[in-house]
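Chains as they are written, first to last, in the working numbering: chain A, 1 to 581; chain B, 1001 to 1620.
It cannot be assumed that every hint is accurate.
To be verified - With a Cα cut of at most 25 Å, we get these calculated PhoX-like pairs of lysine-lysine:
1) A:K178 / A:K219
2) A:K189 / A:K178
3) B:K1042 / A:K189
4) B:K1139 / A:K219
5) A:K448 / A:K521
6) B:K1139 / B:K1042
7) B:K1505 / A:K219
Just so you know, the hints here were simulated from the structure itself, not pulled from any lab data.
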Amino acid sequence: MQLIRRLLPYLRPYWREALIAPFLMLLEVAMDLAQPRLMQHIVDVGIAQLDMGIVLRTGALMIGLALVGMIGGVGNCVLGVRAAQSYGADLREDLYRKIQSLSFGNLDALGTGELVTRLTNDVTQIQEVVMITLRILVRSPLMLVGSLTMMIITSPRLALLLLALVPIVLVGLTIVIKYAHALFTAVQKAIDGINTVVQENLASVRVIKAFVRQNHERKRFAGANEDLTARSIRAERTVALFGPFLMMSLNLGIVGVIWFGGVDVTRGGSQVGQIMASINYLTTTLMSLMMVGMLLTRVSRAQASAERVTEVLDSEPVVVDAPEAVAELSGRGRVALEGVVFSYGSDGEEPVLAGVDLAIEPGQTVAILGATGSGKSTLAHLIPRFYDVKAGRLMVDGLDVREIQQQTLRRQVAIVMQEPFLFSGTIAENLRYGRPEATDEEVILAAKLAQAHDFIMSFPDGYDTLLGQRGVNVSGGQKQRLAIARALVMRPAILILDDSTSSVDVETEALIQGALEEHLKDCTRIVVAQRISTVLNADSIIVLEGARVAAQGTHSELIQSSPIYREIYESQLGNGVVAHG
Amino acid sequence: MAERPANRTQSGPPRPMPGRPGMGRGPMGIGMGAIERAENPKGTLRRLWRYLSAQRAALILTVVLVGFSSALGVVGPYLMGVAIDDNILQNDLPGLMRTALLMLGAYSLAALIHYGEAYVMSGVSQRTVRHLRRDLFDKLQTLPLRYFDTRTHGETMSRLTNDVDTISAVLSMGVTQFISSALTLVMVASTMLALNWRLGLVSLVTLPLMAGLTRFITRYTRRGFREQQATLGALNGVIEETVTGLPVIKSMGREEAAIQQFGVANQAYRAAATFAQTYAGLLGPMSNVIHNTGIAIVAGAGGWLTLAGYATIGTIASFISYARQFGRPLNMMANLYNMLLSALAGAERVFQIMDELPEPEDVPGARSLDHVRGDVAFEEVCFAYTEGVPVLKNVSFHAQPGQTIALVGPTGAGKTTVVNLLTRFYDIDSGSIRIDGVDLRELQMDSLRRELGIVLQDTVLFADTVMENIRYGRLDATDEEVIQAAVLANADHFIRRLPHGYETKLSEQGGNLSQGQRQLLAIARVMLADPGILVLDEATSSIDTRTEQHIQEALLKLMEGRTAFVIAHRLSTIRNADQVLVINDGQIIERGTHQELLDMGGFYHRLYMSQFKVATPEIA
């Protein structure tokens, strides 16, 4: 309930709809409830007294009331749908904005795949409950109370029958819901099992084919499939018990009404029409009861979705702009780290960077080298302030990055990440992504520098080639080159290449480096690399080891002074060079 | 009722698949939703029927049961009329007792039969869906790689889950409800006509009214729901893409643009969904009016007929009850019609997969490759993934048994394609590939692949223990053999340091291991399989130097005495190779040993120099 309160404010802009819709439903319910009474009137008065006038008038009244009820129903539908859909759209939009505002730390914790599910599936679940609430959930309790009241008014004595029936139905309902919940949870698990097998099969299709394991996989799938089938059948059969059970209770009631009512009629206590009206109200009461029960389970299922959505809404971005953050930078591209300490988890955890000092001058090319997990990428991610340092400070152009607006900082710092991500759309749109106003000439120049122009032009549509499922597929190396070009279009003061040429062949990589050297003299370049050939030309090479800077200098300095550097160097190129020399 | 858009996201973000010319981590909306209406409903229905008819006996039983319960449903109101007319109004209490007991019996029987229907039908529908899922999965196993390379996982996944689910829902509820609705309609109508044909005819007036209303509304809802699913698909596409690409968006400060893009899709969906659901929601209140009108007509006409002596009060009571019964199946059938349409669209997507061409079957008399020597020859091989864009052009080479062949060249030159052809993941367009003198196409595909050991750059592990992951290479291997393979692959020492050693459960995609460790497991797997020919895609880009040395050692051991094709990134591999094939632009432009190629001073020389041009003068 607390969660519902948390998400209720999203309905506020549509409070008129949300308030009027139930009232209109009230109208429909009232009209519906009046019908059996009118029917009773026709039978007991009109037909019994053979008064055709009453029959026709009452019949006309029935149709009239039904029309009024329809106005209520249609109105409720129009308003309810509008309110619920708008509610869902607003909630989704807010959630989306929130997600866009989250920092990398939040994303690591939440997981992007998870976020997609929350934006799609979970919001839909909640939106549906709102719709149900506004449209049906109001109706059923109203019908329940209304028909109960009407039944008592029509025949208090026959209404006593309900006293016996309602508890039976309630108990049955509770039991079924309880069992059904457990059974359907089991079904859901089996579905997850099937999904895992299929997902693995899709991801490993090469391995499966290469090892000729199709039959093995078929067997695995058959097991999961069998499991799901058995559980589904058991769940469905259990739930199916409820329908006949309810029917039984209902019909028991009807027979009861006929018997007791019939006896009463013979004694002159009641009239036939009363019996018929009572049967109607009895039916409505029990049906409504069942609806309420079923709907409540829907609501409780949406509870889980609400929880997942509020979790995101309540998470605060780890990295936020300081109130007096600077909106402008001189843009020379100086970077300085002073005693930087960083860890991804809580403070007690072993730091990824434990006191790093570094000064990078404008226009310099600095390479960062080190083993996996030595903190190279982490260091690169700290400069555009994807994460905040735990201690020490990181300065760009003489300012602590925490004193610069993120937008401003990130316009100055372009980072090309390990795994290039391109958006669907044309190549040109992708290259302009960071700076939509870039001219064609700028885009083409960037592509040329990134050695992407030639292969782009080899596509029939050139820069207008569509990327993605329905468009051209590019190789990993080509993707990396497009990502580099995209960063270059931004004209950054600082360019960070985070192992972003790993799939590019060595020769092309050398061409890219040469082109950047020539055209981006003013741009500070920070290159994270595994391949030693990538870093040889750098003004300064930094070797990270054990969360610290182990060595720093040019290639010729380090080859003399740093054993770690020498080890890396020799393992990659060492013997080859001797053989050649 | 709120219609439920099927949009359970089953897919994770698209995974990177380096080393193949197809799509990789693509920025694309996952194929969820976009449930169009079936294009060939009749054909699809017929195919679906074929699945259902496998359970013919149970299905017939269901129809019989539904027939009984529908009949009993008609008996109830009839008895009610009898109770009023013959018993109550005649002051016949013993008779009333008899009728009441009769009613009770009829209702109890009906309830029992209802349960029987549901019981039988849940078995029918679930077994049908199981059958469908099994066929679909089996089909997937036979599909060529080309299929998987051109579709996102989410797309395929969604067909196996969402679409099959829709079918399942319709089968498990729809079939019985449809039959019972139709039978009830027929029976109620005929009973009414039999009971009192005059009043019966009057009561049926609501039928054309309902039909008209349903047609009127579905005309809008069909369009509306199509639009809703289309906009939902687009919205989900935007979400999938911009959330997966969030790091890029943030690093370029483009959050506002993304929010705008999302907003447009979100509003489009809202508008479409509001339209569709409003129209769908109208069906209820409007049919309610028809319904009540029907009752009023029965009452009015009944009263008039009673006055004229053509009917009795009891008849009217029964008729009113029938008129109420009439409305429900009509409403139900209108809803079912909508459900059926969406299920057919789902079924069509499922059958689309089933209609895909499978991998070519072995030719008659195909040979089994048992003790392969490892003599591999490519002759004038040409190949294109998409017509008109050749990837390999007249590639010829010959590997002697036991030789190591290094494939070198820029990205996109066609190195991985050579591997794809050797494994027959794809078939060549012209030329021939021979192993031990036999054309690949004359070999049993399974025996060929069993003799090929492949270590891919991107190691795929299963969510199972380390032990089982290695055993995947040879399913009948004992634990000892698995461990022995791990020792040979230099993987034993790190495995033993895992929390539960060989019994450590790996998460999907082996997330709890480093990339290097995953590669060592893949090597152990191949080691266990003990193939005659090796295909290695050396990946070093993200592995640190020390792990790389372990891998290097393991690979050398693996290559001993086997013909090996290596997409080479390491200098040591290239230097030790018996032949280096330099591939550029789909052709072998240079070949020879490392030293010969250097002396030639051509493309390879340049490639080599560009890598070492700074280093060389330093030492020399």
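Practice task
Find the hints from earlier in the document that the structure breaks and name them by number, from lowest to highest.
Solution key: The structure conflicts with hints 1 and 3, although it agrees with all the remaining ones.
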